[in-house]
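> Protein sequence lines correspond, in order, to chains A and B. The first sequence: position 70 = 70 (our numbering), numbered continuously. The second sequence: position 514 = 514 (our numbering), numbered continuously.
Note that these hints are calculated values from the structure, not bench results. Since this is a predicted model, take the numbers as computed values, not measurements. Do not rely on the hints blindly, as some may be mistaken.
[Unchecked claim] Short, incomplete list of chain B residues facing chain A, as computed with Cβ under 10 Å:
(1) Thr93
(2) Ile104
(3) Arg105
(4) Gly106
(5) Ile109
(6) Gly110
(7) Glu115
(8) Ser118
(9) Ser121
(10) Pro122
(11) Val123
(12) His124
(13) Gln129
(14) Gln132
(15) Glu171
(16) Gly174
We treat Cβ as the ideally placed atom computed from N, Cα and C, and that holds for glycine.
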Amino acid sequence: MAGYILRRILYMIPTLFGMSLISFLIIELPPGDYLTSLLATMSDSGQTIDPAQVELLKSIYGLDQPFYVQYFKWIWGILSRGDFGYSFEWNQPVSKLIWERMGSTLLISILSLVFVWVVSFPIGLYSAVKRHSIGDHVFTLIGFLGLAIPNFILALVLMYVAFAWLGQSVGGLYSPEFADAPWSWDKFVDLLAHLWIPIIIIGSSGTAALIRILRANLTDELNKPYVLTARAKGLPEHEVVLIYPVRIALNPFVSALGWVLPHLVSGVTIVAIVLNLPTAGPLLFRALVSQDMYLAGSFILLLSALTLVGMLVSDVLLALLDPRIRLG
Amino acid sequence: MSGLPPTQSLPPDVVLSVRDLSIDFTMHDYILHAVRQVSFDLRRGETLCLVGESGSGKSVTARSLMGLVERPGRLVGGSILLREGDGAVDVATLDPKSRAIRAIRGKRIGLVFQEPMSSLSPVHTIGFQIGQAVRLHSGLSKDEARERTIELLRQVEISNPAAMVDRYAFEFSGGMRQRAMIAMALAGNPEILIADEPTTALDVTTQAEILDLVRRLQVEKGMSMLLITHDLGVVAETADTVAVMRYGKVVETGGVDAIFHAPQHPYTRQLLAATVKLERGARTVAPAGEPVLSVSNLSKVYSTEGSFFGRKPFSLKAVDDVSFDLHAGENLGIVGESGSGKTTIGKLLMRVIEPTAGSISYRGADGAMREVTTLDAGGLAAFRRDVRFVFQDPFGSLNPRMTVREIIADPLVVSGLGQDRKQVQARVAELMTMVGLDPKGMERYPHAFSGGQRQRIGIARALALDPRVIIADEATSALDVSIRSQVLDLLLELQQRLSLSFVFISHDISVIRYFCDRVAVMHRGKIVEIGPAAEICSAPREPYTQSLISAVPSPDPRHKRMLNRRRFVAPVPA
Chain A
1 MAGYILRRIL YMIPTLFGMS LISFLIIELP PGDYLTSLLA TMSDSGQTID
51 PAQVELLKSI YGLDQPFYVQ YFKWIWGILS RGDFGYSFEW NQPVSKLIWE
101 RMGSTLLISI LSLVFVWVVS FPIGLYSAVK RHSIGDHVFT LIGFLGLAIP
151 NFILALVLMY VAFAWLGQSV GGLYSPEFAD APWSWDKFVD LLAHLWIPII
201 IIGSSGTAAL IRILRANLTD ELNKPYVLTA RAKGLPEHEV VLIYPVRIAL
251 NPFVSALGWV LPHLVSGVTI VAIVLNLPTA GPLLFRALVS QDMYLAGSFI
301 LLLSALTLVG MLVSDVLLAL LDPRIRLG
Chain B
1 MSGLPPTQSL PPDVVLSVRD LSIDFTMHDY ILHAVRQVSF DLRRGETLCL
51 VGESGSGKSV TARSLMGLVE RPGRLVGGSI LLREGDGAVD VATLDPKSRA
101 IRAIRGKRIG LVFQEPMSSL SPVHTIGFQI GQAVRLHSGL SKDEARERTI
151 ELLRQVEISN PAAMVDRYAF EFSGGMRQRA MIAMALAGNP EILIADEPTT
201 ALDVTTQAEI LDLVRRLQVE KGMSMLLITH DLGVVAETAD TVAVMRYGKV
251 VETGGVDAIF HAPQHPYTRQ LLAATVKLER GARTVAPAGE PVLSVSNLSK
301 VYSTEGSFFG RKPFSLKAVD DVSFDLHAGE NLGIVGESGS GKTTIGKLLM
351 RVIEPTAGSI SYRGADGAMR EVTTLDAGGL AAFRRDVRFV FQDPFGSLNP
401 RMTVREIIAD PLVVSGLGQD RKQVQARVAE LMTMVGLDPK GMERYPHAFS
451 GGQRQRIGIA RALALDPRVI IADEATSALD VSIRSQVLDL LLELQQRLSL
501 SFVFISHDIS VIRYFCDRVA VMHRGKIVEI GPAAEICSAP REPYTQSLIS
551 AVPSPDPRHK RMLNRRRFVA PVPA
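This is chain A alone, in the form it adopts within the complex (with noise of 0.2 Å):
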């Protein structure tokens, strides 16, 4: 198990080297750069700046030279100082950028895997067993409805329910008073408030998906001859459906954490833009779209770092579960 580990752990480094690289090409990809655009924007603005100072300020932030020399030069940054470059739009060292970011982001997508899972495996369950009953028509429905209405607009109604019926502060993290106070128990509770809604609209998707999965799973393994093998021992119902086939229906819940996670970092951007939420999405966005190369490329760097993790944690979860990945 343990060289098992290791081997994927170095499985990782070129995958992570060839990601970094496609995704610094990629953001080279569109003409011009974080200069150009930065003219554009300010011409429209009516504002002119001297060519002489344009080439002055391409030269130092080292944009006249060629693609690899930049992406050596950010890739060698990172190995020998962990230092990510340095963000044009924001004045800022990228790492102190991201750091900020990725802990939101990352707690939001943690909980958000909880709601899922702690959604999805009961309703699931009960849908399997209940196969065709009127409580599996209605979450069949509910799931429907869940995959089927984009995540914005479940976010503009549920901020519009929380603002309206119940009063609260929506948008954001925090509600403006603490939004610089030091850590305390009522900025903990606030917390927790604003935290409800990103957490049903990021998990609902999810969740309609893997009570789907589980439910059509579960049904494949009840007709197994190895649950009436359980049934005829004497087992009674309950047992006989969780000891044996929940236990195997279980797998995709697990390989879950592996796709769950880059889907909350990348695809909720525009729940994030809507609610206003101090997570990675909406800075990459903004990255992309102004050309802040060192920023945009740090960030997908560090998604796809994440997304191997989630990846590996998955899959030695899954070995150990299954015998038969471990042994086979």
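Given the coordinates of chain A, assemble chain B onto it according to the supplied hints.
Showing chain B alone in chain A's frame:
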């Protein structure tokens, strides 16, 4: 026990009495009467065989004895009286989720299924699954249950039980899995053992061992056994009493000798005739044409190289230095147990997979020999027009979204001959008539046909391009015995008419004996013996072949073969 008070009494030696049992399956638009007014008695220490072909209702009947009829099935009438002291409890009246019936499952009646792989959970150890059954009915502690589990594994002759108890089902061979299933069924010391096709998925020598084991345990523990099977050979070797089922009804019940030697019902006679027919060869004169296919020193090695990340190198000789000729008009059988490499040979002959070494040469219609292993794409296409394949699974090998006409015409279309719609239609009709199907069915989809009819469709497809050689891989294995002999007769008749040669791959010795002129016996990738079918099947020379032939159940209770079989101990490979 909280069951109903004993209401009825049974004759002293009867442990289980089924009377007028009826089970319906409520489908979308009709009701299927799967079991109709079935009655039988199971006596103490006796083996009762329920015999029937697929769909006769024998499995459902057996499961209903433990209250295990699943939706949409429903018990609609009759009684199942299980002895309880001096009285009896009617299992049919118990709620399938009640405590009373759970006390019967495993404790009074044990159950063994056909498919030992899927009947065991893949993610729990064997010891966990058996130990659970032990604890459920005994109140032993975890450690005591483990000891008892190891003891049970020892009783079913699993070697090194203390280590095997912590293994998973996929680490067991087929026969060992079935032994583990039997150990599980014995965990609660039941008085009755129900075995539902317990050896159908196993090789013939493994089948003989498992039947031996069950017989020994039954005598030791004084159990009664209800054995469900479609194989009259197994019945003759094991049964005391036989009940023959068809379309949900018991058509005939009687002692094993009476059933085999004085059958009353026409269906019993038909079933026996179909089985006994396969005891002899259908081929009388051995054809001595020139070789159409000549295989020499053919080998296929599957191997993976070791990798930088620590995977161990691995290599398996699936086919090991095999040579044989197929003569024109000849039926050559390739027989062997699972893993012997017989299917790999079929694939190599079609060049679906590439051989590691050796040559296959083929004599075309023009009389010239060609080397198959080096054919280019065009030559291979021509070769595959002449040499066709018939598959085992009549369900999986037909595309459910194509009509029968499209399926049969497919080879014509692929080879570019299917341009003219009228002509294709005429050819499909001709082929369907040839295999005994009504051409009116050509616009229907495969699901509308039975297993035997589907296999005929597969044969028609193989014949579409006027082939000269047909390779049939277990082509009759999925069929019931009466259908099986019909399909074999069809193939023989077609051979006469179309001057075909067959390579017939099967694990079933009776089918090989009936159909083939010569047989090659395979074991671990090698041909151990090759010769005339009659000779190999009656007087084999090699020890392995002797053990294989003697393990085949004989469909005559007066001449039981398995009890006196020869055992083959494989030499340890160097």
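> With reference to the structure, classify each hint as holding or not holding.
Quick rundown of the hints versus the structure:
At its closest, the beta carbon of B:Thr93 sits 18 Å from a beta carbon of chain A; the interface hint therefore is violated under the 10 Å criterion. Satisfaction of the interface hint for B:Ile104 is found here, the shortest Cβ-Cβ separation to chain A being roughly 7 Å, below the 10 Å cut-off. Given hint, B:Arg105 at the interface with chain A, holds; its Cβ is 4 Å from that chain's nearest Cβ, closer than 10 Å. Proximity of B:Gly106 to chain A holds as hinted, the smallest CB-CB distance being about 4 Å (cut-off 10 Å).
Using the Cβ-Cβ criterion of 10 Å, the hint placing B:Ile109 at the interface with chain A is satisfied: the shortest such distance is roughly 8 Å. Given the 10 Å rule on beta carbons, the hint for B:Gly110 holds: about 8 Å separates it from the nearest Cβ of chain A. With its C-beta approaching chain A no nearer than about 6 Å, B:Glu115 sits inside the 10 Å limit, and its interface hint holds. A least Cβ separation of about 5 Å between B:Ser118 and chain A falls short of the 10 Å threshold, and the interface hint therefore holds.
A least Cβ separation of about 5 Å between B:Ser121 and chain A falls short of the 10 Å threshold, and the interface hint therefore holds. Interface restraint check for B:Pro122: the shortest CB-CB distance to chain A comes to about 6 Å, inside 10 Å, so the restraint holds. Given the 10 Å rule on beta carbons, the hint for B:Val123 holds: about 5 Å separates it from the nearest Cβ of chain A. Hint status for B:His124: holds, given a least beta-carbon distance of 7 Å to chain A, under 10 Å.
Look at B:Gln129: its Cβ gets to within about 8 Å of chain A, closer than 10 Å, so that hint holds up. A cut of 10 Å between beta carbons decides the hint on B:Gln132: the least distance to chain A is about 7 Å, and the hint holds. Here the hint on B:Glu171 is kept, as its CB sits about 7 Å from the closest CB of chain A, short of 10 Å. Checking B:Gly174 against chain A by beta carbon gives a least distance of about 14 Å; that is not within 10 Å, so the hint is violated.
The structure is inconsistent with the numbered hints 1 and 16, although it conforms to all the rest.
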